[in-house]
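A.B. asks: Full structure from sequences and hints, please.
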Amino acid sequence: MHYPVMLPEVIAAMDLKDSGLYVDATFGNGGYSEAFLSAKMCNVIGLDRDPNVYNRAEELSVKYNNRFSLIETKFSEMDRIDLPMVDAVVMDIGVSSMQIDRADRGFSFMRSGPLDMRMSTSGASAADAVNLLPYDDLVKIFKVYGEEKHSRRAADAIISSRQAKYIGTTADLATIIEKTLGRNGKIHPATRIFQALRIFINDELGELYKGLCAAERVLKPGGRLLVVTFHSLEDRIVKSFLRRRTGGMVSVSRYVPEQKKVANVQTFIDGKRSVIKPQKDEIKENPRSRSAKLRYAIRTDKTPLKADDRLLPDVIGLDEMENYYE
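Here the working numbering is used: the first residue of the sequence shown is 62, the next is one more, and so on.
Just so you know, these hints were derived from the structure itself, not from any lab.
Fair warning: there could be bad hints in the mix.
Straight-line distance between alpha carbons at most 16 Å, and here's what the computed EDC-like set of lysine to aspartate or glutamate pairs gives [as the list claims (entries may be wrong)]:
#: 1; residue 1: 226; residue 2: 189
#: 2; residue 1: 201; residue 2: 217
#: 3; residue 1: 210; residue 2: 189
#: 4; residue 1: 271; residue 2: 369
#: 5; residue 1: 204; residue 2: 217
#: 6; residue 1: 338; residue 2: 70
#: 7; residue 1: 341; residue 2: 70
#: 8; residue 1: 333; residue 2: 76
#: 9; residue 1: 300; residue 2: 370
#: 10; residue 1: 124; residue 2: 95
#: 11; residue 1: 135; residue 2: 264
#: 12; residue 1: 367; residue 2: 140
C.D. replies: Quick look at the structure:
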């Protein structure tokens, strides 16, 4: 079953109104969208780069008399699709249960399938990455995106294995990592490796930062930006973005700590200074929500700031993958 994470907290932070226009920037199964549509006589625009959500989107459009519409796009491009100014943007930065539960999408080592992991149907796959990228790039991807302390051993094992046989399935990769790192405790040793590859293949951190900047450009004064994250890498970017946009002093990048701290004009006001976490009852009902964090802020009338990708880690980009194709 799909659960929209922290729904009561999201609804409260949205400040929904009749006739409001809201963007569900990570549509997925439409949990947030339907909650907004049923709560008020508002209009919702869903964004998603996964074509598999079309049927669900059509259901909502029919059920709510065309107050819902879907646009197939990355949320990082919401400012390029001629949206009117909107009252709120909500982003749930996590893999949809619809994607995890389908073996053919290749997101989970719990289900054997092609080693894909793409949220869209185009571009490089996880199999391309593990079979083509050199050792140093794999190490950096695993270390930075997966926060894997055994990144070198994992990369060594992958390089050695792919010389003997193409690594084409989730089971192939999970077996290689488990044999190399061993298994202690409940957490599968491939967990962080799969996370790292998924983040890399979908440029999740880059998309997140660009999405935050895009939301800043489409929100009305008084509009609200809500972001639900599930691990520290994402939350760190959201926290730094909002701190800078609310006029706080922040390091330009944790990856270049020698740079001076800077202050900015307020393009947002903090909705709540402390991060919002799920209630115990929700965690019991939906264990996936355990690591969720909600941050939100309210747009001012100040001119949007320029994007500064120095907040992002220096890791090989997807555009460089083509250098490794024959």
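A.B. asks: A separate judgement is required for each hint: does it hold in the structure or not?
C.D. replies: Hints, one by one, checked against the model:
| no. | hint | verdict |
| --- | --- | --- |
| 1 | 226 - 189 | 13 Å, holds |
| 2 | 201 - 217 | 13 Å, holds |
| 3 | 210 - 189 | 23 Å, violated |
| 4 | 271 - 369 | 9 Å, holds |
| 5 | 204 - 217 | 13 Å, holds |
| 6 | 338 - 70 | 9 Å, holds |
| 7 | 341 - 70 | 13 Å, holds |
| 8 | 333 - 76 | 13 Å, holds |
| 9 | 300 - 370 | 14 Å, holds |
| 10 | 124 - 95 | 10 Å, holds |
| 11 | 135 - 264 | 11 Å, holds |
| 12 | 367 - 140 | 14 Å, holds |
Comparing the model with each numbered hint stated earlier shows that hint 3 is the single one that does not hold.
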